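For my numbering, add 359 to where a residue sits in the sequence shown, where the first one is 1.
The hints are simulated quantities; they were obtained by calculation from the structure and are not laboratory data. No false leads were mixed into what you were given.
As a list, the in silico DSSO-like pairs of lysine-lysine whose alpha-carbon atoms are at most 30 Å apart:
no., residue 1, residue 2
1, K559, K463
2, K423, K407
3, K639, K569
4, K639, K559
5, K639, K656
6, K539, K569
7, K464, K559
8, K559, K569
9, K639, K665
10, K485, K423
11, K653, K569
12, K653, K639
13, K568, K665
Distance windows between CB atoms, simulated:
no., residue 1, residue 2, range
14, A614, D584, 23 to 31 Å
15, N506, K569, 41 to 49 Å
16, A466, E566, 31 to 39 Å
17, E643, A524, 30 to 38 Å
18, G585, N506, 32 to 40 Å
19, R628, K474, 32 to 40 Å
20, K463, D615, 33 to 41 Å
21, E623, G510, 44 to 52 Å
22, D660, K423, 47 to 55 Å
23, E643, G573, 27 to 35 Å
The structure presented is a predicted model; accordingly, all values stated were derived computationally and were not measured. Quick reminder that beta carbons are idealized off the backbone N, C-alpha and C, glycines included.
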Amino acid sequence: MKRTVNRVGILVATAALSLGLVACSGNEAGTEVNGASTSATAAAEVHKFENCGHSMEIDGVPQKVMLVNRVGVVPTLEALGVLDDVHMVAGPFPEEYFSPELAKKVAAIPLLTDKVDAGGHLQISKEEIVATDSDLIIGYAGNVDYNAMQGTGVPIIEEPGFCGALNGAASWDHVWDHIKFYGDLFDATEAAEKFTAETKARLEAAEAKKAGEGLRVAVLYPATDGSVNYAYGAGSMSNPIVESAGMINVFGDSADRVFEVSDEELIARNPDVIISLHSKGGDEAAAASIEGVKQIKGINDTNAGKNGAIMPMLLYLAEPPSGMSIDGLEQLNEFLEQR
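Given the sequences, and given the hints that come with them, work out the whole structure.
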């Protein structure tokens, strides 16, 4: 069972930390990192990089990392040997994503909060995040993003696939970029190269199966309350995943990552298979995801609806590009082979 951090204590600590930030903000604003600095962290190598359109600098290798809703980063950090540097998580991290051994490691990481609203959005504040005393935050949440964290002294980064920073359509090259980025950031380039090679080998084996050769597929995030359904286009990592299975994304002609889709448009595209994405773990969430598709008006007029070819899939297996994307392809192959 995951350990939950006392949020009251976190908020109390925020007041003291905020005073420290105010006291030093005048010296930090606009300061350039240079060799004359006397701070211990500045003495380390400065890592400069671009993330989601922002130029960033991090002193040394992060050692107190907080993951906010970014399940897909976990296998990458584990492969790089730096998962132990994650000292806090926020958001749901369903164990179904991981091997039993990795699930135990993730469950042992202190949890700040996994409270979400009705729309599935994590409920967390900037003050709570700052008070964790992390030296790197991975993942935006609601209004807690790069702009919100300016002036706190705590760097925050986001997966390019979630901030519109991918160049062109999503591809497996973005997975290799993802692994290399974290390998560079954590000074683990050899481990990153090894993980990339292993993942490429898995990709080659998975692509050789072509389990869905010629089938038309729609990747959806269905409403479970009768509201809006979303479809995924060429800007989504789900697109190269289904293509690697030999399938044709019926919404692949859209450059967008995700967009609202009407019932009529979905029915007109007549997918043979529907992948229904969902965020929560457990059989109940998977069943609700399937039911959300079944509630779409006219769904039984599609081949997927007629044949019950609806596959529930956890969101981070399909989005964004990460070391977890290969798991999504392998699970898709397994589903198709069992049809």
